[in-house]
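All chains should be modelled from the sequences, with the hints used to inform the complete structure.
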Amino acid sequence: MKSSDALASRPFQGLRAFLWTEVLVQAHEELAMATSMVVQGVLLVFVWILNPGLIGVALVGAVLFSMFTMGARVLNEAAYIRIDHKASDLYLAGPLTPEAYFLGMATGIMVVYLAPVAIVGALAAVVVPLAPVEVLLLLALAGVVWVCAASIGYIFSTAFHDNRAIWAYSSLFFNIFGVLPPVFYPLGLFPAALRPVVLLMPPSAAAALMQRAIGVTTLSSGELALAVGGLAVEATALFVLAVVWARRTVRGR
Amino acid sequence: MSGEALRSVQLRKVYRTKGAPEVTALSGVTMEVRRGERVALLGRNGAGKTTFLKIASTLLRPTSGTIEVFGYDVDRDADRVRPYIAVVPQEGKPFFHLTPREQVYTYLRARGLGRESARDRTEEALRSMGLESFANRLAITLSGGQRQRTMVATVIATQAPLLFLDEPTIGMDPFARREVWSSLRRLTELGSTILLTTHYLDEADALSDRLYIVERGHVIVSGTADELKRSVGGSLKVSIPNGAGAVDRFRSFGECVTDGSALSIIVHPERLGELMDVAVRAQLTATVGPVTLEEAFLRVVGRSIDEE
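Chains A and B, in that order, are what the protein sequence lines are.
Residue numbering for the first sequence follows my numbering, starting at 1 and increasing by one per position.
Residue numbering for the second sequence follows my numbering, starting at 1001 and increasing by one per position.
For the record, the hints were derived by calculation from the structure and aren't laboratory data.
Warning: the hint list may mix true and false statements.
If you want a taste of the chain A side facing chain B, the calculated C-beta under 7 Å gives, among others [as the list claims (entries may be wrong)]:
1) Gly14
2) Phe18
3) Thr21
4) Lys86
5) Gly94
6) Leu96
The model shown is predicted, which means the values in this text are computed figures rather than measured ones.
For each residue, glycine too, the CB sits at the ideal point set by N, CA and C.
As structure tokens, this is what we get:
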């Protein structure tokens, strides 16, 4: 018997290769790439027309929202390739580990869709303007938002058996988490009673922290703790849950 | 790696869904696949073939019973089993936005193969599946048969010790099917073992060393295709298109099956002349051919493989 492929299964084995696969898959979808910033663009135009003074806040929000939608794309992609292509059967009945499949897919999507977000980020840095430390904070928060969204997206994707059902949920997902809460506008304009809720939602919590950093929003120490602690706990817990969930759902019951 | 390529003992699978009645897909399947064999699982839709393959390939948990791949328990040691197997899933499709070359190559890389080895095997698999002229076209532009060939190329390129192929030639033209058969024969010559499901009885006949017929979650018969055909009670099949009404004249020659107005009779070669005399005297047109797996399947299961 000839030797098989790499025999010992290590955590995240095959991550780089599957990431590259996803990059190739996504890079062929020029239309999706071209339209990936439409919602953000429209919201930026609205803000610019209604209150040009808030365009800096909106640009920062657009970066965070974009990272969130990139993560949310995992919901559609994971469900689509599992249901329509049986790609999960093809790949996971093999040495590629489930966590590498999840993270490779999420990272591959991010790599392909990152360029326009970087341009918006550069614009934000100029328009606000952002100090180097604020740029670093924005990068860190964008990463945390992406981890949360990608993890939620993957976990939810496993619940669907029909692609058509996903469209409604993915739209709900990014509107409730990204458009409605104060991501593109200052936290101060949001009803005070509901601030704890939005400070627990990753995109708006990250936006609040950035708005505080650039002096647009003030946060009480409790709100600051809620936003920082919430993001840290959510990102860690959701990522761990997604990895565990990925391993658990390889096999049907 | 030890043991048979695959061995299952009393494997059961019951699907339980809230608000729906239980469905027993497998009711104690015991079977084995020896190393280097090509084994076919035959059965009608819903017989349990895909469920068995999904459990064997670590994608579904059994309700009870055991199943081992190369001596590893598939349920407990799935991580150890996976590097030894590769699967063509039923109704699987390549990524639409990859070319066949990219699909095969990236899949091999994701399985841990080095660049050079992955490149060589990709080209070999594309060649063996006759995909060279489509190799750089996006899969979305390929026909259903070409996509299916891409899926098979993806999996055979792994040269994994145990390959599971769920309806691997569905949608392919006869030439492409034969290319797949040749490739699978080559793979087993190199040492791989193959377990496939198929609806095509000629495919099972041409390709499998042994086969299992599954019906309602049970293995009801196993053996070589020749053994099964011999069990029919003759090696020739006489077909009489309008012979159903004259069935009584032929009962003494062997098993008679009517289908509408058509009659077919399974007969031993030494009684063929006598039977043809009877047909000629009754002014019936008869054609003679060898007994196929179709007759064997019909006799064993009591229904045609395409019957729902």
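Okay, the hints, checked on the actual structure:
Because the beta carbon of Gly14(A) sits about 5 Å from the nearest beta carbon in chain B, less than 7 Å, this interface hint is met. Hint status for Phe18(A) relative to chain B: holds, with the closest Cβ pair at about 5 Å, below 7 Å. Hint status for Thr21(A): holds, given a least beta-carbon distance of 4 Å to chain B, under 7 Å. Among the interface hints, the one on Lys86(A) holds; its C-beta lies about 4 Å from the nearest C-beta in chain B, closer than the 7 Å criterion.
Using the Cβ-Cβ criterion of 7 Å, the hint placing Gly94(A) at the interface with chain B is satisfied: the shortest such distance is roughly 5 Å. Because the closest C-beta pair between Leu96(A) and chain B is about 5 Å apart, less than 7 Å, the hint holds.
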